[in-house]
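A.B. asks: These protein sequences, in sequence, are chains A and B.
1 is the number of the first residue of the first sequence in our numbering; add one for each residue after it.
177 is the number of the first residue of the second sequence in our numbering; add one for each residue after it.
There could be a bad hint or two in this list.
Stated by the list, open to error - List time: in silico DSSO-like cross-link candidates among lysine-lysine, alpha-carbon distance up to 27 Å: (1) Lys302/B to Lys347/B; (2) Lys159/A to Lys387/B; (3) Lys528/B to Lys159/A; (4) Lys347/B to Lys50/A; (5) Lys152/A to Lys114/A.
Derived by calculation from the structure, the hints in this document are not laboratory data.
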Amino acid sequence: MLLMSALLAPLAAVAADTASSPVLPTLRFAADALGNGFFDQIQKAPEFQKMDREALGSPIELRVYHTYRINRGSVTTTGLLSAVTIGILPVVASGEHTIVYEIVVNGTPLSTYKYSKSLTHAHNIWSGADTTFGMGKEGVEWARSTVDLFLKDAGVDPKLAALTTEFDYYFGAAKQ
Amino acid sequence: MRRSCWRWLLPILLTAAPVSADTPAAGVPKDVRLPVKLSVAIYMPAQTRRWRAPVQGVFGTSRTLEDTVVSAGQIYFSESHLAEAGTEAPFSLLLALHPEIKGESGRLVYTLNYAVFAADSQPLLKSSEAVTVNGFDVDHATLQATQQVMATMINGLHPDETKYPPVLSLKSRSLEFAVNHDKPWGTGTGFFFNSNGQILTAAHVIHDCVKIEVKRDDKVLPAKLLAASNVVDVAALDTGTASTAFLSFRRDTPLELGEPVTNVSFPLQSILAATPNLTRGNVSSRGGLTGAVGQFQFSAPIQPGASGGPVVSDGGELLGVTVSTLNAAALAKQGTIPQNVNFALEARYVAKFLQKNALTFTSVEANPHGDAHTANQAALGAVVSVQCYE
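Put together the whole structure using the sequences plus the hints.
C.D. replies: Structural data, given as structure tokens:
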């Protein structure tokens, strides 16, 4: 009896997950340079297993991008000070950075998930272009950590469940 | 030793008191202390808000125009946020921004039309600021133009919370007063599908519209949204005015590859006359792009503004609703120039949409005696221009 319970419990948990997070129909993935690196992590989630970069005609699209605004009360977002005499030329960015995940249906946003953090990052201009999108290495790590938050929020979003239901109403038989 | 100390100290100093490069509080007298203690809501057409533009500099990032204008707002006002219909939070002034962008000889001419509102629906200020920047730096142009507008607001109104207390709310007030009524934000095509004055169009034509109008000949009718599905990209509108001309659906006759079709639309309304454009072609494929569902491909030429128009058989029956075309400009960059690769939603899915929303339509047996003239008359009689104001 105990053995039976142990075997059944995981199955029940899987069934519950499936019920709350329906697999979305084929959807297109579009992202900026930062978000492009999140594709594999997102596609591993059952809801997004049909995500495809090449599904150009799909009515559903996941857009991932980074944006920022200056902090409230701050007068500046970017500082540039010529300090040639001491050999450095730092550029400082300070602002509220946001990673945006948008589920878009035929060009119209259905659900938008935003994750924000205030970050300040200094970059020496002589070391070439900044590869951290003005967020610093820790900022990029934080940005990557928002994927899990997005998957958790999307998994319980009633709008996505309703989207799947509506898609089935129209294309149930032709669903890919 | 002293020099290496500065090496790590300087970034810290800059972080604590950064020197402005791209956001000087330009245009405001020195005796005005910024930010002015005032709550300002900023209205922008919804589609403009979501535009993303690269930000110049070493960071290789980009931001949405809504973040650009709110960033400017943070400098000039103690509180600035985007105007969202239905929100309760009170504010003092509403700033409506309507950008227009044109490219001229490698430079960007950015005109920011604006109006400032208090409790009254009549604007306190209404004008425009123009900025010209090299290249196509939309972010920089937006930031600069928005700063100029905000400086003009402060210089012209000398606003503070005593003069403009934070009593405005968008909880029950429509944003229609903030819309640009001078010209539509976008236009599309629609057609009557019954005699009750109800119209079908593409959902993306009317999405985010604060006000919708339907134009037929010289007659302009206000239209109300009845139902929309973004999944199939179709919307139904009500004009409240009966129409004797409307399109019926073809019953029990599948699309035939190669069958002739007529498309009628009101494209390129900013440069073409407000008369319908009629083009002829064929059903060229039963499928759309990879991943598309419910669409067929047709070859009758279409232009921007054709979305929502009917695709009609030679019998005069509705076969589909125009929803998209291949992006010729994007493909041309890859060395391919598509020719008349256009997509319509099949009429059977449009019928499912109408049934779901309990809207009346008629379906008829295929007319075997029709020809191009029959198709043209049916389509031309039912079609209208749909205008979206934001």
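A.B. asks: Each hint needs a verdict: does it hold in this structure or not?
C.D. replies: Evaluated hints:
| no. | hint | in the structure |
| --- | --- | --- |
| 1 | Lys302/B to Lys347/B | holds (24 Å) |
| 2 | Lys159/A to Lys387/B | holds (25 Å) |
| 3 | Lys528/B to Lys159/A | holds (21 Å) |
| 4 | Lys347/B to Lys50/A | violated (39 Å) |
| 5 | Lys152/A to Lys114/A | holds (13 Å) |
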